[in-house]
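Residue numbers (numbering that gives the first Met the number 0), protein chains in the order written: chain A, 0 to 233; chain B, 0 to 394; chain C, 0 to 167.
Treat the hints as calculated values from the structure; they're not laboratory data. All values derive from a computational prediction rather than experimental measurement. It is possible that some hints are incorrect.
As the list claims (entries may be wrong) - Here are the simulated DSS-like pairs of lysine-lysine, each with C-alpha atoms no more than 30 Å apart in a straight line:
id : chain 1 : residue 1 : chain 2 : residue 2
1  : B       : K347      : A       : K131
2  : B       : K34       : B       : K217
3  : A       : K89       : B       : K347
4  : A       : K161      : A       : K132
5  : A       : K83       : B       : K347
6  : B       : K217      : B       : K46
7  : B       : K46       : B       : K34
8  : A       : K83       : A       : K132
9  : A       : K14       : A       : K89
10 : A       : K132      : B       : K347
11 : A       : K179      : A       : K89
12 : A       : K179      : A       : K161
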Amino acid sequence: MGVETDVVDIILNGKAVQAQSGTTILQAAAANGVAIPTLCFHRDLSPTGACRMCVVEVARSRTLVASCHTLVTHGMVIETHSAKVLRARKVIMELMMASHPDFCLVCDKANICEMRALSAELGVGVPRFRAKKRFYQIEENPYVIRDLSKCVLCYRCVKACKEVKGANLFSMARRGFEMKVVVDDDAALDKEVCRDCGICISHCPVGALVWRPDRFRKPTDSARTSCRPLVIKG
Amino acid sequence: MPECRIVLRNCGIVDPASIESYRAHGGFQALRKAKQLTPDQVVQEVKRSGLRGRGGAGFPTGMKWELAARSPGEAHYVICNADEGEVGTFKDRYILQNDPYGLFEGIAIACHAIGARTAYLYLRAEYHHLLGQLLRALKETGDAELGCHIEVREGAGAYVCGEESALMESIEGKRGEARYRPPFPPNHGLWQEPTVINNVETLMNIVPIIQNGADWYKTIGSGPCPGTKAFSVTGDVERPGVYEVPFGTALAELVVDLAGAVNVKAVQVGGASGRVVPAAKLDTPLTFETVLGAGAVVVLDASRSMVELATQNVTFFAEESCGKCVPCREGNQILLHLLTTLQQRSGKEQDIDALRELSEVMMISCLCGLGQAAPNSVVDTLEHFGDEYYSMVRR
Amino acid sequence: MANEDAGLRKQPSWYFTTAEPHKSRNDLLSFIKDVQRQRNGLSSEDIHGIAVAWGVTASEVYGIATFYSYLGTGPRARNVVRVCKSTPCCLKGCDRVAAEVERVLGIADGGVQADGSFSLSTVNCIGECDRAPAITVNEDVYQGVAAADVRNILSKYGAIQGGEDARA
Numbered sequence: 000m001g002v003e004t005d006v007v008d009i010i011l012n013g014k015a016v017q018a019q020s021g022t023t024i025l026q027a028a029a030a031n032g033v034a035i036p037t038l039c040f041h042r043d044l045s046p047t048g049a050c051r052m053c054v055v056e057v058a059r060s061r062t063l064v065a066s067c068h069t070l071v072t073h074g075m076v077i078e079t080h081s082a083k084v085l086r087a088r089k090v091i092m093e094l095m096m097a098s099h100p101d102f103c104l105v106c107d108k109a110n111i112c113e114m115r116a117l118s119a120e121l122g123v124g125v126p127r128f129r130a131k132k133r134f135y136q137i138e139e140n141p142y143v144i145r146d147l148s149k150c151v152l153c154y155r156c157v158k159a160c161k162e163v164k165g166a167n168l169f170s171m172a173r174r175g176f177e178m179k180v181v182v183d184d185d186a187a188l189d190k191e192v193c194r195d196c197g198i199c200i201s202h203c204p205v206g207a208l209v210w211r212p213d214r215f216r217k218p219t220d221s222a223r224t225s226c227r228p229l230v231i232k233g
Numbered sequence: 000m001p002e003c004r005i006v007l008r009n010c011g012i013v014d015p016a017s018i019e020s021y022r023a024h025g026g027f028q029a030l031r032k033a034k035q036l037t038p039d040q041v042v043q044e045v046k047r048s049g050l051r052g053r054g055g056a057g058f059p060t061g062m063k064w065e066l067a068a069r070s071p072g073e074a075h076y077v078i079c080n081a082d083e084g085e086v087g088t089f090k091d092r093y094i095l096q097n098d099p100y101g102l103f104e105g106i107a108i109a110c111h112a113i114g115a116r117t118a119y120l121y122l123r124a125e126y127h128h129l130l131g132q133l134l135r136a137l138k139e140t141g142d143a144e145l146g147c148h149i150e151v152r153e154g155a156g157a158y159v160c161g162e163e164s165a166l167m168e169s170i171e172g173k174r175g176e177a178r179y180r181p182p183f184p185p186n187h188g189l190w191q192e193p194t195v196i197n198n199v200e201t202l203m204n205i206v207p208i209i210q211n212g213a214d215w216y217k218t219i220g221s222g223p224c225p226g227t228k229a230f231s232v233t234g235d236v237e238r239p240g241v242y243e244v245p246f247g248t249a250l251a252e253l254v255v256d257l258a259g260a261v262n263v264k265a266v267q268v269g270g271a272s273g274r275v276v277p278a279a280k281l282d283t284p285l286t287f288e289t290v291l292g293a294g295a296v297v298v299l300d301a302s303r304s305m306v307e308l309a310t311q312n313v314t315f316f317a318e319e320s321c322g323k324c325v326p327c328r329e330g331n332q333i334l335l336h337l338l339t340t341l342q343q344r345s346g347k348e349q350d351i352d353a354l355r356e357l358s359e360v361m362m363i364s365c366l367c368g369l370g371q372a373a374p375n376s377v378v379d380t381l382e383h384f385g386d387e388y389y390s391m392v393r394r
Numbered sequence: 000m001a002n003e004d005a006g007l008r009k010q011p012s013w014y015f016t017t018a019e020p021h022k023s024r025n026d027l028l029s030f031i032k033d034v035q036r037q038r039n040g041l042s043s044e045d046i047h048g049i050a051v052a053w054g055v056t057a058s059e060v061y062g063i064a065t066f067y068s069y070l071g072t073g074p075r076a077r078n079v080v081r082v083c084k085s086t087p088c089c090l091k092g093c094d095r096v097a098a099e100v101e102r103v104l105g106i107a108d109g110g111v112q113a114d115g116s117f118s119l120s121t122v123n124c125i126g127e128c129d130r131a132p133a134i135t136v137n138e139d140v141y142q143g144v145a146a147a148d149v150r151n152i153l154s155k156y157g158a159i160q161g162g163e164d165a166r167a
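Produce the entire structure from the sequences given, and follow the hints as far as they go.
The structure is reproduced here in structure tokens:
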């Protein structure tokens, strides 16, 4: 077999550069100062490959390649911002926007919404595609407000809960367009089902999971049963 | 060209319920011959034969086996993909019904070649009615005869599980969502161990290759596609059924001469994910490089609407998408919406442009083969029958 | 090829852990199926029971059960009628067969009779296209079904109530 080295030579956007072997195209590009947009990827979590936002062109590959889960190999020729790539990203964003609610103005996370920032970056204005949207009841427990109508099914809450917290509260259910993140057997997130660490909230790229603004308020007697003061357990 | 039966050699000749009948027709001789060879010799023979996977992608089988055999792991696995979900395919069902022992023998040789002790036969839920017969035949054959253990796993109704990575997820007891690749199954497959996944029909070629040699096999078929292909022909034909012809046979010979199609408008080759061939191109040779897929051939006569055909296929994919990646989950929904709008005569010309652009992006950006192939029929009908689309635009 | 191997030798840990090796889990699918068959459906109680027995969360069991079209949650009819709606069957008039089943049983696609005796769903290709159109009732397959045959076929599975004829 070949020579064992820790560094591989790649050609990134026409420039010969080096990358650590065992890193993804995404990491290798970042190390060389090229930012590739991502949505379902999060540095704390294992890659998912669901949103396809980070696709890049790799020479001799029939299709575009998602950079978040593809490792660099020696001699790889990569184009991260070719016309073909940019068009694909734009269309994918348009698809995502088509089923997303148009209520950015009243969304709690509007200022930190990754999807909103990304669509601005890609130049997606009013989406071309119009199709049905997802409608779900807003669910509230003493800490979290969950609005699945805004969910982009990126798996980040599922993975954060499982991989970072080790709790595995969420799971994907159903399939295709009907796919949905569920708790228990599709129960509403309306009671304290976990220790409310908020890891899912900070990992949610959109406004589907937000903190409840009044979560620190002292509970009244009547509400005490459902809303206990937060106790940090070992 | 007449039919040439290699894969279907025993169908209708051997009694599928009697192992004695299979033995009397030369059964298990190839397995005994293979056992006298080293695993690597078997792999090399299959590699030399040029056999390519019949599931649709046409990957060289011998190379797949070699990769898996050389890949280190605690255990190696062989999976026989009998999740034949492609619209209009039933050739694997025909094989399972008529020649189960021939399939077991092929699986056993594959196990010997890559050093697997366990093989899984992933049977689609829709074929539950075959399970009893298969289990009986397996019990009758016995692990000792085969030199490996074959376990039948039933699916639960999901087209995407015919896609190899989703199939493995399903065997592992999970949702059948596609995995990203690399890593590829021969390196990290079932439970991350080296795994070979072959279609039923692919494995049916193994026995004749071992028995008669790679050189014999290469004399059949055409150039880079040696051997034969079994086709399930349905639709507007006189004689629907399974036909086996050498690679390179013209489409017309299959659908007109053998199956008796008249007044053909178009033929969809490869099921819902397949390509649509207009009548003017019926001389297209059937090879992996032209059109093929899993071998579902649906003939449509002059009375059929091509937009309707595309809509049906997209509806199928919208229902069968696993939902993991955005372009497939959302894209099929939008394609369906655009096509429905057109059919309701309320679409605009921009909608047709949008169909085209969306299809192109889906084909290059989806996570697995399902999403990448989903817009095939839209693209092809737009190319060959574009008038039908434009005639539906609201003026 | 050789260079590719050298590059792949140093792989990050997630590269292998897309699927965790839960070998014990590999029969979960057939187990859910068995539970569903024996208990005529999959209740919330069943889902939690399976989750405890297999050491997975209820949400995972729910996720699996709702992914596959032959699983599903909630009560199930005693007789499940499936009408294939894929292209080959469609070309041979599966619409007429489906309409006749709807008429005879008095339920729409996806519906269940009030007494739980029959349910109807139109499904994607069931691989019986050589003699289309095809339908299945429970685990029995019927090929080449004409609308006129529907009543005969269904009456083998018990008295039919609630259909249009019954109301007339």
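Outcome of the hint check:
Between the alpha carbons of K347(B) and K131(A) the distance comes to roughly 18 Å, so the proposed pair stays at or under 30 Å and holds. The hinted pair formed by K34(B) and K217(B) meets the criterion: a straight-line CA distance of about 23 Å does not exceed 30 Å. A distance of roughly 22 Å separates the Cα atoms of K89(A) and K347(B); the hinted pair therefore holds under the 30 Å criterion. For the hint linking K161(A) to K132(A), the alpha-carbon distance of about 28 Å falls within 30 Å, and the restraint holds.
The hinted pair formed by K83(A) and K347(B) meets the criterion: a straight-line CA distance of about 25 Å does not exceed 30 Å. Pair hint K217(B) plus K46(B) holds up; C-alpha atoms about 11 Å apart against a cutoff of 30 Å. As the CA atoms of K46(B) and K34(B) are separated by approximately 17 Å, the hinted pair is consistent with the 30 Å bound. Pair hint K83(A) plus K132(A) holds up; C-alpha atoms about 28 Å apart against a cutoff of 30 Å.
For the proposed pair K14(A) and K89(A), the alpha carbon gap of about 25 Å is at most 30 Å, so the pair holds. Note on K132(A) and K347(B): the hinted pairing holds, with a Cα-Cα distance of about 21 Å set against a maximum of 30 Å. With a C-alpha separation of about 24 Å, the suggested pairing of K179(A) with K89(A) holds against the 30 Å cut-off. At roughly 17 Å between alpha-carbon atoms, K179(A) and K161(A) fall within 30 Å of each other, so this suggested pair holds.
Hint check: no violations occur; every hint is consistent with the structure.
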